[in-house]
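A.B. asks: Generate the whole structure from the sequences, applying the supplied hints.
Chain order of the listed sequences is Z and P.
Take 1 as the starting number for the first sequence in full-length UniProt numbering and just add one per residue.
Take 1 as the starting number for the second sequence in full-length UniProt numbering and just add one per residue.
It should be emphasised that the hints constitute simulated quantities derived from the structure, not laboratory data.
Be aware that a few hints might be false.
As the list claims (entries may be wrong) - Simulated crosslink set (SDA-like; lysine to any residue; CA at most 25 angstroms straight-line):
1. Z:Lys-143 <-> P:Gly-168
2. P:Lys-578 <-> P:Gly-566
3. P:Lys-464 <-> Z:Glu-27
Stated by the list, open to error - Here are the simulated distance ranges between beta carbons:
4. P:Glu-302 <-> Z:Gln-110: 21 to 29 angstroms
5. P:Asp-321 <-> Z:Arg-59: 41 to 49 angstroms
6. P:Tyr-576 <-> Z:Gly-83: 47 to 55 angstroms
Just so you know, these numbers come straight off a predicted model, no measurement behind them.
Don't be surprised by glycine CBs; every beta carbon is placed ideally from N, CA and C.
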Amino acid sequence: MPHLSTYVALADHSEQTLADSLRAVAEGHARQADVFHTCNTLAGWSDQHRQDLAPVVERYGEQEDVDEPERLRADALTSTREGEIGLLRDLQDLHLLATLVHSTWTVIAQGAQGLRDQQLLDVATSSREETTRQLTWLTTRMKQAAPQALIVAP
Amino acid sequence: MSTNSTTSDRVAKVFGEPTPHRRGTVWPARVDQYLDEGIDERDVDRWVQSACLLCSNGCGADIAVKDGRMVGIRGRAGDTVSHGRLGPKGLYGSTPWASSPDRLTRPLVREDGRLVETDWDTAMGRIVEVSKRLLAEKGPLSHGFYTSGQLFLEEYYTLAVIGKAGLGTPHMDGNTRLCTATSAAAFKESFGADGQPGSYTDIEHCDAIFLYGHNMPETQTVLWTRILDRTRGEDPPRIVCVDPRRTAVAEEALRTGGVHLAPRVGTNLALMNGLVRELFVHDWITHEWVAEHTVGVDKLRETVEPYTPEHVADICGIDPDDLRSAARIFGESENVLSTVLQGFYQSHQATASSVAVHNLHLLRGMIGRPGAGVLQMNGQPTAQNNRECGADGDLPGFRNWDNLDHVRQLADAWNVDVMTIPHWAPPTHAMQIMSYAETGSIGFLWISATNPAVSMPESARIRKILAGDQCFTVVQDLFLTETAELADVVLPAAGWGEKTGCFTNVNRVVHLSEQAVEPPGEARSDLDIFLMYADAMGFTDRDGAPVVPWRTPEEAFDAWAAVTAGRPVDYTGLSYAKLRGPSGIPWPVNAEHPDGTDRLYADAIFPTDTDYCETYGHDLITGGTVSEQEHRAMAPAGRAYLKGAPYTPAHETPSDEYPLLFTTGRTVFQFHTRTKTGRARSLDQAAPDAWVELSPADAGPLGISEGDWVRVESPRGAIEVRARIGRVMQGAVFAPFHYGHWNPDDLVDAEHRTANELTMTVWDPVSKQPSFKTAACRVTRLRAGDGPAPAPTNTASAPASGANDVEARVPATGGGSATSSRVLAETPGYALDPSQIESGREDH
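C.D. replies: Structure (structure tokens):
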């Protein structure tokens, strides 16, 4: 199962990337109190997903040497942008990262079902549910920020 | 028909003469009256119909007028809300402000940094010039409006139409965001739309009353009087109190065999999850009703499963057996009434905690019948109207901004393009409006009848925003408040009794308040001011006619009633003529309910249908919105939602540097930022200056004694006030939020007492209500005072019992002017009162 283990590694890595990026956006836009607090909360969820996945990672071992999904990996946001339009773009970046996480869990859940690996299926299902909630918040917040950022912001 | 009239000092005797009565019987009528000193009842020229504006209870009242001045107030015996009673704020505070010498009587404009008097044409000319320029340069999103919980329905609706159909800005909110937003949000999440399910008449029929974060004896004294008349009568209900202070509610809980739960500040949701879990564990569940009328029970059971009494006790710092006892009272009572206020709304996880109250009721099917009800309270008298009319950003008539059909109904009613009405995103909440004003993204901010420089969190930041050049600020008020001082244009407004309009209280009762006297000088009603702006801006509909065609309050009311047709908040059966009766009338009032509706959901049909609901709902943890498709997939179809969420720690918890919890609140003798109550001698002398309350256990090690000056500091700011060694729980510090630097008594130092200097900018993810209850602080002693703290002693700010003999040293609060009161031998008929209907008395 070299490819499944690659995807397990990808899930682990992309959750880590998402968590780091959420924390970077929280810090960078700390003046927006809801962004600060919610991004930190959502980062905690991603941490938890990785913890839940840890025993599976141990079982399968992380495969780092398969090329194809490597191209799927995205880099974390290390710095954030300024102002209202900057917030909008940062949220959109987070949305991209969370989408990668989401589809990764979908793929893993399929594999887990094929393998009848209940533990992995549970992790993938519950994590994906929370990733959906992360995406929903990001969409809600972008919709709120967009008109002002696009039309009025300096 | 009346018994003897008695006189009393209602500062000393806050609740007045008791009228205890048996369960299931009508609450007796007692008519309370206050007249200015030297005025006799025979001197009064006329009495003008109104209702009290000094809390959210909405007591029907008549204004006494003599020689063109308001000289007093009297309760209306036939009013369903109060049965004639008034509280101390209403009695003493309703009228003196009106003839205060410091009323604003002319518009002011800023010239060379100073506010100078001018005429209306100049002031409005300046507003319109800036407004038009910004509209041309940046469009309507450059405009924001921040209103109040104290205007009239007609004024909110007019402003809502100006904002949504005239300008097209989503940036409208009220200070209701600070006081009552969670009430609305919790209703929407559980029942699909705003709207108080319960009625005050539930008090007469319940066997238990749960008060969650609700110090009712200080926030709604007349409602608490109604409860006392039951707890002191035959077959009384038991009281359960959730409050970190040993309030009068807590004492009544112990007296009635109930429970006082004092959870650590910020842990309400853990407590609520524990209560809900107990219902499941003991199977205090009405299974058939739950299956038929709710959605989400399995998920809720799963969510609350970890919250065992012991686990909750650890989080909340309570005795696990107290939690069990409270749950048992809820589980074994036939009819429970629950009330909720700022201890939940302004605290951490506000909406989730308030929704949990609904969960308890839904699990037991205790809703929609006499005695089994929920009262999500409001803080202000007209907060409900702000929510209904949409001056708080929502769409008028509890319409769903995410439902294009609902938006179209409004576009048709206003004859404007549907695209004009901002509905593409959630409405902008107050804290976000301030954030946009901070950067100048909103460059035009109009504030009416509220004082955010004192009442918003992190007040130093708010003052800076309002004072800065990046945003042009208009303030319309009765006085030159702390906020008005910072404005670019100040408009003098007429107040209660100086204008006509309607307002609606917590339990949906609509009252008409008629103009009794002329406003002073050039002051104008808020409605007239908004109309003046609309005219000057030339807002027109699709046919070139004015978007706001009405001229009078009554025309505005009728326009409002028309747009409520078919919505839960149905006013179509109401008119000024109908409201000129003995009592206010609770909506919905329509062909089906011509006399109004005492309680909602008697049929257990909730407004959750996807095409009808006010919202598709939110994630209680993140605030992420549920989509129409997701909502449709759940097929709620009139069933209520059971929604749960896990407890998370507050955003700021005590640390080594800031070891104590800072929490703010109210006292019975002041209202909001004291604009009216501070100008009423009887009230102001009872609570003339700010204070903080410390527990004896915290004060001792800090070397602080009663009346000492202390410095209370959070990461954001500090206050220097006197200390009351009081009844707050150990680890917590309580400060009243009423006091800004306006200082009617010429106190030595009024510059360092605004409690909101310390609070943080953080809000609930769903209701967007800021949290005023959860900040960390440290306290240091500055110097000895020259007497006890200026805190009242007959309220929750009473001295701790036995602490340093404080009780003996602190004089009892009193000194209010004489008021009169008479209990009626025969109680009038109240059209919808179940006590009278059940006993066959429907002959009114």
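A.B. asks: Against this structure, judge whether each hint is valid.
C.D. replies: To see whether the hints hold, each was checked on the structure:
Distance restraint check for Lys-143 (chain Z) and Gly-168 (chain P): the Cα-Cα separation of roughly 17 angstroms lies within the 25 angstroms cut-off, and the hinted pair is therefore satisfied. Note on Lys-578 (chain P) and Gly-566 (chain P): the hinted pairing holds, with a Cα-Cα distance of about 20 angstroms set against a maximum of 25 angstroms. Distance restraint check for Lys-464 (chain P) and Glu-27 (chain Z): the Cα-Cα separation of roughly 23 angstroms lies within the 25 angstroms cut-off, and the hinted pair is therefore satisfied. Roughly 25 angstroms separates the CB atoms of Glu-302 (chain P) and Gln-110 (chain Z), a value that falls within the hinted 21 to 29 angstroms.
Restraint check, Asp-321 (chain P) to Arg-59 (chain Z): a C-beta distance of roughly 45 angstroms satisfies the suggested window 41 to 49 angstroms. Distance hint for Tyr-576 (chain P) and Gly-83 (chain Z): a CB-CB separation of about 49 angstroms, consistent with the stated range 47 to 55 angstroms.
Checked against the numbered hints given earlier, this structure breaks none of them.
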